[in-house]
Structure formats: C-alpha cells, structure tokens
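Protein sequence lines correspond, in order, to chains A and B.
Quick note on numbering: the working numbering labels position 42 of the first sequence as 42, and the sequence is numbered without any gaps.
Quick note on numbering: the working numbering labels position 8 of the second sequence as 8, and the sequence is numbered without any gaps.
You can take every hint at face value.
Residues from chain B that face chain A, not an exhaustive set, calculated with beta carbons under 10 Å:
1. Phe134
2. Gly142
3. Leu170
4. Ser215
5. Tyr236
These stretches of chain B come out as covered by chain A in the derived footprint (C-beta under 8 Å, 3 or more residues):
6. 30 to 41
7. 87 to 101
8. 174 to 188
Derived by calculation from the structure, the hints in this document are not laboratory data.
Where a beta carbon is used, it is the ideal one built from N, C-alpha and C, also for glycine.
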Amino acid sequence: MSGAVGTDKLLTVEDLRVSFPTRTGVIEAVRGVSFTLGRERLGIVGESGSGKSQTGRAIMGLTPKHAKITAKTLNFAGRDLLSISDRERREIRGKRIGMVLQDPKYSLNPVSTIGRQIIETLKTHEKISTAEAKARTLAMLEAVQIRDPERVFSLYPHEVSGGMGQRVMIAMMLICGPELLIADEPTSALDVTVQLEVLGILDKLVAERGMGLIFVSHDLRLVSSFCDRVLVMYAGRVVEELPSADLSKAQHPYTQGLLNCLPTIGTDRHPLPVLDRKKEWAL
Amino acid sequence: MTTNVLSVKDMVVTFDEFIALDHVSVDVAQGESFGIVGESGSGKSTLLRAVAGLNTFSAGTLTINGQSYSGRSRSKDFYRTVQMVFQDPYGSLHPRQTVDRLLLEPLAIHGFDNVDQRIMRALDEVGLGSGFRFRYSHQLSGGQRQRVAIARALILEPKVLLLDEPTSALDASIQAEILNLLEQARKDRGLTFVMVSHDLGVISHMCERLAVMKSGKVVETVTADALESRAFSADYTRQLMTASEGFRRV
Ligand SMILES: Nc1ncnc2c1ncn2[C@@H]1O[C@H](COP(=O)(O)OP(=O)(O)OP(=O)(O)O)[C@@H](O)[C@H]1O
Ligand SMILES: Nc1ncnc2c1ncn2[C@@H]1O[C@H](COP(=O)(O)OP(=O)(O)OP(=O)(O)O)[C@@H](O)[C@H]1O
Ligand SMILES: [Mg+2]
Ligand SMILES: [Mg+2]
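Starting from the given sequences, assemble the full structure and let the hints guide the process.
In structure tokens:
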C-alpha cells in the first residue's frame, strides 16, 4: 500500500539549509544539502556535528521552531513538505515518514509506559481496537528482538537499557508501516548480533515493501555492508557520494581518513592515526 | 600480583522480580583497562551503575580501593576517585545548562583552583574549541554532548573511570582522538578503566582483559589477545565475533 507506486523518487532534497540564530551569532548546521532517495537504503556518515541529525529532522518536520529552514526543493512523494499545512504535515509524520531519533530514551514520554506509547501511536493513525493494538505492539516488540515483550511493554523509558530503548523506538516507527524511515544512529547501542537482526528487519522492509531508508550511522563497517549508497557529510555539506561497496575507494580526504582511524582486532596501533582537518574542507 | 582497585563478587541486582545481575564477579587491577561486552540488556550498564552507587545490589560485595561498599551512599571523596561517563549523552547532561556550568560545577564541588584554565583545557582535549563553552547542552549534536560528558569526567582527574559506550555516538575520526586521549591520560596518571562497548575493535584496542555478558551473567572473562587468536570458549563470544564482521544479505 504505498502512495507512490511507479515513481522511484520518494524524496527529493535540494539545497536544504538549516541555521540557528544564537546570542553569539548564527550557527549554520546544514549548508546546502542535496540528494534524492528511491526505495533503497541510503547511508549518511559524517563528522560529529556535520548536520546529519538536523537534515533528518528537517525532512521529518522536527526542526526547532526558532531555527531558519530553507530549500529549493523538499519533496516527499509529490508533496512539497515546506508548504503543506501543519495538519497535513502531522498526518505524514509518523504514518508515512517515521524517524528513529538519536536519543530514543529521551524522546519517549518519561511518564508513560512503553506499551501505552506504542499503542497510542498506532491508534492515532489507524482505527483499531485497543486489544488489537496491544497484540500488534507485542508482536512488533518481539520482531525487534526484545526478549521479554510483556515485561518491556509495561516498563517506563528509564527502566530499559540503551539498546532496548533503540529497539522500542524502531518498533514504534515501524508499526504504522511508513514509506520512508529516517533512522538516526538506530543501532549504535546494540550488540552486534542483535544489530544484525534489526538490520535484517529494515532490509526486508526495503526489499519487500519498497520502503525508503535513510540510515545515519558512524559505523562504517555496517554502512558499507548494509547500504546501497552513502553520503559523506562534513561541516553542513555533502562532500562525497559513493556506492557503499566502493567506500574504500573514497576520494575525499575526510572519508579516506575515517577509514584509516578505525581500531580493529589484531592491529596494534597506539596511538591511532587521527585526521589533519584542513580549513578548505569546511568551505 | 598487583592489587585490585575494583573488586565485585557475586553481585546481584534485581528490579522487582527481574534479575538484572545474577552473581556477577569482576576484578580489575590498579592501572588496568578492563572491557565489558555483551548482549543488549545483559546488565552492563547496571553493573557500572551499581559500582557508582546509582543502583543498589541485594547480594554480593563491592570493594573499591580497599574500601567496601553496600547500598547507594558514596562520599564526596568517592566521586573524586571514581567518575562515570554515561551511555546516554542526552540523559547525563542537564539540557538547560551551558557547557561552562556543566564543567564548572564538579570543579567547584571539589574545590579545584584555576577553574578557567581547566575548563579551556578540558574542552580543547575533547576537540571542542572555546566556541562551545557558552552553548547550552541542548544546542549540541549527539557526539558533541558525549564529548562534554567525557570532559566532565576527566576534569576531576579521577583514579578510576567507568566508561559506558563512551564513543558509540562519535564518528571514527573523533573516536580515534578520544581513545588516544583516554590512553594518554591512563598512561600519565595511572588511571584504571572499566569500559563498556559493543565494538569489539574498540575493546581489543583499549583493554587488556574483558568480560563477556549475557542475561545478567558473565559468560567468560578473556584476555584481549584471546579475541585475536580466537582462544575463547563460550559460544556467545563466537557469535559476537562473527557478527562483528558486518551485515550479510541472505
Ligand atoms: N538548537 C541548536 N542551536 C544551535 N546549534 C545547534 C542546535 N542544534 C544543533 N546545533 C548545531 O548544529 C550542528 C549540526 O548538528 P547535528 O545534530 O545535525 O549534527 P550531527 O551530524 O547529527 O552530529 P552527531 O554525529 O554528533 O550526532 C552542530 O554543530 C550543532 O552544534
Ligand atoms: N530501573 C529499572 N527498572 C526495571 N528494570 C530495569 C531498570 N534498570 C535496568 N533494568 C533492566 O535491567 C536489564 C539490564 O539493563 P542494562 O541497562 O544494564 O543493560 P545493558 O547491558 O547496559 O544493555 P545495552 O547494551 O542495551 O545498554 C534490562 O532488561 C533492563 O530492562
Ligand atoms: Mg546526530
Ligand atoms: Mg547499557
């Protein structure tokens, strides 16, 4: 049941800019990002603070109120996201576009149980009974490899572990079957075995349901083995775009440097090589 | 044998019916860097939190620097000796405080001098220039916040650092800088580390020994060299090693 069968461009972003006025001057978080997304897995890697999360938030419509956001194009399945009404935006958010935030435990409501929150999300977007919503919630928690869904269902956000919080957030976003999922460091707190199982779920949704996936991650090994394409961000811009399999052939010195500073089992490099960041990278 | 700076014996932590730590024992020598890896939800954070006095344990013993602890109360001096970097950069820093306030507070509590200089140096060490000093923590990216948390723990010059996924929110280049910084600090000041990470590469780079946890238990304790030579015995450790090679489309 996707809304744009036939169009392979699900999302078009052209010259996206996000800036924050502060007392000490304007902070330009995103400075002209452009890319398109089809029904595929697009990885975004990049330096800490380079604007990955703010790019995702702008697409989701979660940019802080006081920030300034502009774009030549910000189009999702034929809708111009910057000009539609707030109501339409709310309908799209959560139902057609989902976002797993980088800080899942702190973006959940602290005074409501996990189960109640997922049920609530489901009921805002679908007309179903509470019993059915509960059954689907438990099934979803199980799908994301939560060991004891009944227990976790009744826990509060501060009572789950880091990796459980991430999976809860993934469950909450997937339960409405979004056409586009923006996942901001969705598996950074997961042990590697659970991580692969969760990626397996996302992979299936892309392959079988045609979901588009934006996968923001610091984990180069994961991105290169999981995604189709990768964008590399630095200082608010996309500095390089590559097929994931060619990550090791990256041209930009930032990307090349990244690959070289990973600690691995069996190599003994103390201290690890670090980047010599050049001013011109941030121009 | 060197003396143990930290010794946990048969520790049990429960939340209502649920057993989060099931007779866990860990010994960490003075100056050692000890790693903890394991399943999500296996109790890694709970163990560090119990050591830091943020969770109570219902059975077992905890000895730090020769002193026994039970319950949650810890003296002011304890936090001079033991500092923790939390897994969640968002939860551990007050969002409405400036970076300056966040770093100043622990210095003031413990009566440090030269606070200005210390704050500047701490920010510099984690790769955040003075431009970040008067930002509010909610104005920072995930990795910038994590670096503030690391600066805040290091600024007190503790003897023992409990690090819960300290670099999982950082890109590889900043991760390398932080790991180098931590190693240098350990060398210079004889620090002891207990470090949780799901990244086996990071753990084998930073630690001499590690515990592998699953379902509230330590399934085995091995040397980092054993990871490389695959000289471990638990099935779960083998699964982790295989999974750490990346995603395979089946
Ligand atoms: N509310 C805000 N006010 C001012 N600056 C902000 C605000 N939120 C974010 N920033 C700045 O915008 C820049 C981009 O932030 P963003 O969160 O997108 O980075 P990121 O690429 O996701 O980094 P990380 O990998 O560390 O999460 C950062 O330099 C950050 O400090
Ligand atoms: N306050 C609490 N109330 C109830 N259960 C809790 C509480 N704190 C932790 N737990 C439970 O204890 C278990 C262990 O949690 P812990 O945070 O130690 O896991 P972890 O090994 O750090 O996992 P991760 O790698 O995902 O961070 C989890 O099942 C969690 O739900
Ligand atoms: Mg981010
Ligand atoms: Mg944890």
